[in-house]
Structure formats: C-alpha cells, structure tokens
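One-letter residues, chain by chain:
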Amino acid sequence: MDAILIQLLNGLDKGAAYALIALGLTLVFGTLGVVNFAHGALFMLGAFCAVTFQKILTISVKVVDPSITFFTAYKEQPYLEIWFGDVGLAIIDYAVPLSIFMAIPVMLFIGLAMERGLIRHFYKRTHAEQILVTFGLAIVIQEVIRHFFGANPIPMPAPDIVSSSAAVGAWLGLSENLVYPWWRLIYLSFSLLIITSVFAFLQLTTFGMVVRAGMFDRQMVGFLGINVQRKFTIVFGLASVVAGLAGVMYAPILPPDYHMGMDFLVLSFVVVVVGGMGSLPGAVAAGFLLGILQSFASMTVVSQYLPGIDQVIIYLVAVIILLTRPRGLMGRKGVMED
Amino acid sequence: MQIEKKRSNLFIMAMFSIVVLSMPIWLDPLGANYPDLLQKFAIFGIFAIGYNILFGLTGYLSFGHAIFLGVGSYTAVWSFKLLSMNAIPAIIFGTVLAGIIAALVGYVSLRRSGIYFSILTLAFAQMFYNLAYSVLTPLTNGETGLTISSDDPRVLDRLFSDVAAGGGLPSTEVFGISMSGYSGFYFTAVILILAFFISLKIFNSPFGLKLKAIKSNQHRMKYTGYNTRPYLITAFVISGMFAGLAGSLMAVTDPLAGAERMQWTASGEVVLMTILGGVGTLYGPLFGVAIIKYLENIFSAVNEAVLQSFFAFMPQWLNDTMVVIVSPFVGEGWHLTLGLMFIVIVIFLPGGVTEGFQKLKEKFKKNDDQQKLKQGDE
Chain V
0 MDAILIQLLN
10 GLDKGAAYAL
20 IALGLTLVFG
30 TLGVVNFAHG
40 ALFMLGAFCA
50 VTFQKILTIS
60 VKVVDPSITF
70 FTAYKEQPYL
80 EIWFGDVGLA
90 IIDYAVPLSI
100 FMAIPVMLFI
110 GLAMERGLIR
120 HFYKRTHAEQ
130 ILVTFGLAIV
140 IQEVIRHFFG
150 ANPIPMPAPD
160 IVSSSAAVGA
170 WLGLSENLVY
180 PWWRLIYLSF
190 SLLIITSVFA
200 FLQLTTFGMV
210 VRAGMFDRQM
220 VGFLGINVQR
230 KFTIVFGLAS
240 VVAGLAGVMY
250 APILPPDYHM
260 GMDFLVLSFV
270 VVVVGGMGSL
280 PGAVAAGFLL
290 GILQSFASMT
300 VVSQYLPGID
310 QVIIYLVAVI
320 ILLTRPRGLM
330 GRKGVMED
Chain H
0 MQIEKKRSNL
10 FIMAMFSIVV
20 LSMPIWLDPL
30 GANYPDLLQK
40 FAIFGIFAIG
50 YNILFGLTGY
60 LSFGHAIFLG
70 VGSYTAVWSF
80 KLLSMNAIPA
90 IIFGTVLAGI
100 IAALVGYVSL
110 RRSGIYFSIL
120 TLAFAQMFYN
130 LAYSVLTPLT
140 NGETGLTISS
150 DDPRVLDRLF
160 SDVAAGGGLP
170 STEVFGISMS
180 GYSGFYFTAV
190 ILILAFFISL
200 KIFNSPFGLK
210 LKAIKSNQHR
220 MKYTGYNTRP
230 YLITAFVISG
240 MFAGLAGSLM
250 AVTDPLAGAE
260 RMQWTASGEV
270 VLMTILGGVG
280 TLYGPLFGVA
290 IIKYLENIFS
300 AVNEAVLQSF
310 FAFMPQWLND
320 TMVVIVSPFV
330 GEGWHLTLGL
340 MFIVIVIFLP
350 GGVTEGFQKL
360 KEKFKKNDDQ
370 QKLKQGDE
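Same order as they appear, the protein sequences are chains V and H.
Terminal number for the first sequence in numbering that gives the first Met the number 0: 337, no gaps in between.
Terminal number for the second sequence in numbering that gives the first Met the number 0: 377, no gaps in between.
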C-alpha cells in the first residue's frame, strides 16, 4: 500500500511536468496550427532562468574571513548579504521560487519574439517544414545555453525550509516511513494551480472566449472584426510562460542541463498525441496518466517480471493508443486527420 | 525512347562512378583527402540516399532512421565477434536485420500519416534508444558500447586458419584485404555506387512514380484504385535497409557500436543533409552529405589559435573582436552553426542546394534571353 501510494505521488509530479509542457504545445497547436519542436527548449530556458537569477543574486566579493584568525583568509561574500544581512541570505535561499518573477516577463518576451520573428512565417508551410524549422531553433537555443552555462548539470537547491520531506504517511494515518519531499508536493500543487488558471483564463475571460472561438473557426472570428492573429500571438507567449514556469520549478528536482529540453520534448509530444491533438483536457489527463504509468512500471515488483519496462512503457502505450484510438483519448473530430 | 533512357542511365552511372572513385584526387586541393573522411562521405551518402527514398519520394518525415543505423552497427559487430572479421557477412546481416526491424516499425507507424507518423517514429526511436542503452545491455553492452575483443569465438575465421589466441585485436577485412586506409574507402565507394544505382532505378521505375504520386496526393491515388500501404511499407523497408547498410559500414570502418548512434537527434542529422541538398532529387542528398561532413570536418577542428592566424591580416583590435564573434560557432560550437544552417535553409531554400542551382541557372538563362532579345531589336 505504501509503495503504491509513493509511486502514485512520484508519478503525479513527473506527470505534472509533462502536463504543463503538453498544455502549452496543445495551446499553440490548437490556435496557430503550428507543431512546435522548440517547446522543450522553452522548458529548458525556464529552468535556466532560475539558474541565471540565482547567479545574479549570488554575485560576490572577496572579503576577509573573520572566523579564521591564524592568517588572513578570504571568502566569497554575496553583495546581498553585505547589504541586507540575514534578509539578503534569505532572498538567496529562496532564489528558485523568486525567480518566477523574473521568468514570467523573460519567457513572455522570448515567446513573443519567437512567434513574431520566426514561426509566423511558417503558418502556410507544411507541417514537415514547421517541424524542421523549430527543430533547428531548438538546437540553436540548446547550443547557446551550452555555450554560456557549460555542459554539466547545475544543481539548484530548493529553499531550506522545504528541503526536507513531508510525512505524507502520518497525515493519512498510514506508515510513518511514507515520506515525500516537500518540494515535489509544492511542484504538484503549483502545476495544478497553473493548469487551473490557464483553463479559467480560457473559459471565464472575454479574451479566452475569443481565443476559443478562434480555435473553432478562425475565419468567422476574423469576419467579426477581431484581430485573431494578435490574440494568437499572445497565446503563444502564454504557452511559453507556462513551459518556462514548469522549467523554473522543476530545477530543484532535476538539475538543469542544456539537453533537458530535448529529453522532455519527445515525451511531451507523446503525451499530446495520446491525449488527442488539440484537446487541452486530453493533454493534461494524458500527462498525469503517463507519468503515473511510468512510475508504476519502475516498481521492483513489475521490473522483476519485465525488466526495463519502465524505459519503454510510455512509448509502447503511445503506439498502442495511436493505433487503436487514432484521435487519442479526447481528440476532437477533424483535427489533423488525413 | 527506351534505349535513349537506358543509355542516359548508363552515362549517369559512369559519370557518378568516376566522380566517386576519383574523390581522393579532386578532394586533395580542398584538404579533404584522407580515408576516414572519404569513408564518412560515402557512408552518410548511402544513409542519405536511402532516407531520400522515403522522405524525398513519399514525403513521410521519419525521425526513426537512426534505429536502423544502430541495428546495422550492432549486427555487424556481432558478426565480427561470432563469425568472421570479413566485412561481407557483416554488412549482409546488418542490412537484412535492419530491413526486418524496418518492416516491423514501418508496419505499425505507416498506419498513420503526416505529423502522427513523425511522432510515432520519434516514439520508436526513443524506445529503441532506451532498449539499447539500458534494457538490452547483454546484447548491446549498454553505455560502454559493443566492441570486439581478441578472445571472441569468430567461428569461421578459426575454421580456416589457425588464429593464435591472445594476439592483438584483429582488424576488419574483405578476403584478406584490410579495410583500413584507402582500400576501405574504395570498398565503401563501390557500395555507394551500387546504392546510387538502386536509387536511380527506383526513381525511374513505375514504383518510384507511385511513391511520388503518394506525395502529391494520396487521396486521389487511393481513388484511382491503388492501395498505397504496400508501396509505403516497401519504401520504408528499402530506406531502412540502406540505413542498416550504412550502419554496418560504420562498424566496418571502426568495429564499435554505441547507443548514441540510435538517438533521434541522429535522425535529425540525416534529415538536415537531405534537405540541405534537395529533398526528392537524385543527387541532392549527396550534395548535402558532402557539404555538412566537409564543414563539420573543418569547423570542429578550428580553435582560437587557428582563428587568430586566420584573421591575422587585420589590425589587432579587429582581430580580437572577430575571434570573439566567431569562436562560439566553431570547435565545440559546430552544432550551433548546424542549427542555424538548418533554420536558414528551411526558411529561404526549402528545395535545398539543388533548387538554388536551378534558380541560378534560370536567372542566367533569363539574362541571356533578354540580351538576345535586345540584340535582335537592334
């Protein structure tokens, strides 16, 4: 029972990352009709926003270390600590959550620049060409990041207060041994918050209504005198922010490196097609579903009988679903069918 | 008409053979005349020719061809380990097994088309990569990669000659001719010529025409009573076999197979080569291979010292700035250049270099015509 619950939780937070990336992919696909292979790179850029933010906060100066009295020793002391004392240290400790405030404008800007600069020229081209150009863009982004941050993963600590584990088992009246890292719980609730707000934004605001109408029949909305293209550009920016935030918060779970985007990209594409191309709830559901499935497949009970199944299960499921339910779990009729 | 075509085919083949076999001569001034690089040209040429049969003719964008490259390599190394260091059985087994795997993958993925096909092949690529990297470690030797060792069984070799156990590592050969250096290149070159011949035949055959029809309008093709699926699967298997052949030739040049060869980004490279040269054209992929492998060879060897001397004619401050600007794009940063090239080509020249040539040609022709008209007026 404990093992099952812990795997469920593990799967949920992995699934949360898949769901967030897939949500953005589906948004872009549903509105602009573009298959964006650079979306994984946006996730990676988000994680590196956190890295950059932390680097900025910890800009240091060499000062004499007073704790060593035998000789004059030097140590690096961040300016923030010198200026603000303990408050400064606390800010550095909270670098990851605070970097959200930097990531939002940065990712919005990157998203808008990407759409206006490159992707808008590809609406009329074939899907193969869209895939290829965004694939090239993903390589470029990845290499630029490698140039500036190196090839090694950069560990990003979560704030001290949540670096321990939560006693999930004790809360539920189960075993005391059932513990779960706090940060992962935070990630899970954070992504649920984002998913809910994206849906609320699309369902409850006028802007969202126009976007949904535009997804349904772009031409008609255009006839009504609405600049659909502008709205869709903003949606692209929004998708970029969602992917970026997913990356920022994922940094303490997986130390960011330059190819994490590509690693997540394939998985999130699989998630999108399993959920059904163009269906937002489908993308979210499939994200969580595949995350949980993968985590269950890595249990020792399962791998005893089918060694290595956790490595391939997602792709196997994707292949089976695409063959038996061509539209995916919740795909709409007439989206990308040929 | 028929005879004329045959003759022109013969002419093309003769020209092609001459160009390929004389590569050591005419690549010498370009500084690309060493066997390793020449072999790379030929091997990736085969890979790209095969890929072009699928992507160029039918328009199905596959991200899974690295699978077959990897399968070919692994099979060839196993053939070296178990049977003989002779390259012939290795490439035969490699090609056949790659063909079988391609039939399986193709049978499943070709049930869907368009972007779904791409994603299915992507999923397969990732699946096979994971299998090779961790799950099938006894077969693939996982992370380290599969290599030959001096105490392998090599049944056939031991049958015909007394191989002293514990000698050095044997090298690959074809009936006694060692496959290193120029003999290795000529071996791959002959196979490249054969592969090109097959591709030429396919391009000119009714089968090739049907594949082109699938690309231009699959629905209409179906209305005329064709079942397109068998054609697609055949094309997929053929291109998979070409990839397997290329993979096993890689193992012949260097008897080592690693999982990274199967990563889907490796398929991305062959897509780029095909596109850069010209999708769906006979020679295009070969141009693409030549350009990319040549540039890769140059760019990845360049470092700051080389750049310093390259810009030495400039004043010092300009020299320094140029080095700072250019250095991210060379050496380790070769992939950055590759990615940029990818974007630029897809945006401005979707038809690749071949289309560029044609455009240039038309422009010249137009200029000529206009001049002639002017002269006529006078």
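Treat the hints as calculated values from the structure; they're not laboratory data.
Each residue gets a CB set at the ideal place from its N, CA and C atoms; glycine is no exception.
Worth double-checking, as some hints may not be accurate.
What the hints assert, rightly or not - Straight-line distance between alpha carbons at most 20 Å, and here's what the computed SDA-like set of lysine to any residue pairs gives: (1) V:K61 with H:L348; (2) V:K123 with H:D27; (3) H:K292 with H:G113; (4) V:K74 with H:I346; (5) H:K214 with V:D85; (6) H:K211 with V:T125; (7) H:K214 with V:M219; (8) V:K74 with H:I176; (9) V:K123 with H:G113; (10) V:K123 with H:G350; (11) V:K123 with H:N216; (12) V:K61 with H:G58.
Unchecked claim - Sample of chain H residues lacking proximity to chain V, with all beta carbon distances greater than 10 Å (derived): (13) N129; (14) T264; (15) Q374.
Pair hint outcome, V:K123 versus H:D27 [Cα-Cα no greater than 20 Å] = 44 Å, violated
Is V:K123 close enough to H:G113, meaning Cα to Cα at most 20 Å?
-> 15 Å, holds
Decide if the proposed pair is consistent with the structure: H:K211 and V:T125, CA atoms, cutoff 20 Å inclusive.
-> Given pair H:K211, V:T125 holds - Cα atoms ~17 Å apart, limit 20 Å.
When you check the alpha-carbon spacing of V:K123 and H:N216, does it fall within 20 Å?
-> The given pair, whose Cα atoms are some 18 Å apart, holds under the 20 Å limit.
Against chain V, does H:N129 hold up as non-interface, every C-beta pair farther apart than 10 Å?
-> 4 Å, violated
If you draw a straight line from the CA of V:K61 to the CA of H:L348, is it 20 Å or shorter?
-> 53 Å, violated
For the pair supplied as a hint, H:K292 and H:G113, confirm whether the alpha-carbon distance does not exceed 20 Å.
-> At roughly 29 Å apart (the allowed maximum being 20 Å), H:G113 and H:K292 break the hint.
Taking 20 Å as the top limit, are the C-alpha atoms of V:K61 and H:G58 close enough?
-> 61 Å, violated
Given the proposed pairing of H:K214 with V:M219, does the C-alpha separation stay at or below 20 Å?
-> 31 Å, violated
Distance rule for H:Q374, whose beta carbon must clear each one in chain V by more than 10 Å = 41 Å, holds
Claimed clearance of chain V by H:T264, with the beta carbon kept past 10 Å | 7 Å, violated
Starting from V:K123, check that the Cα of H:G350 is at most 20 Å away, please.
-> 16 Å, holds
Taken one by one, the earlier hints fail for this structure at numbers 1, 2, 3, 4, 5, 7, 8, 12, 13, 14, listed in ascending order.
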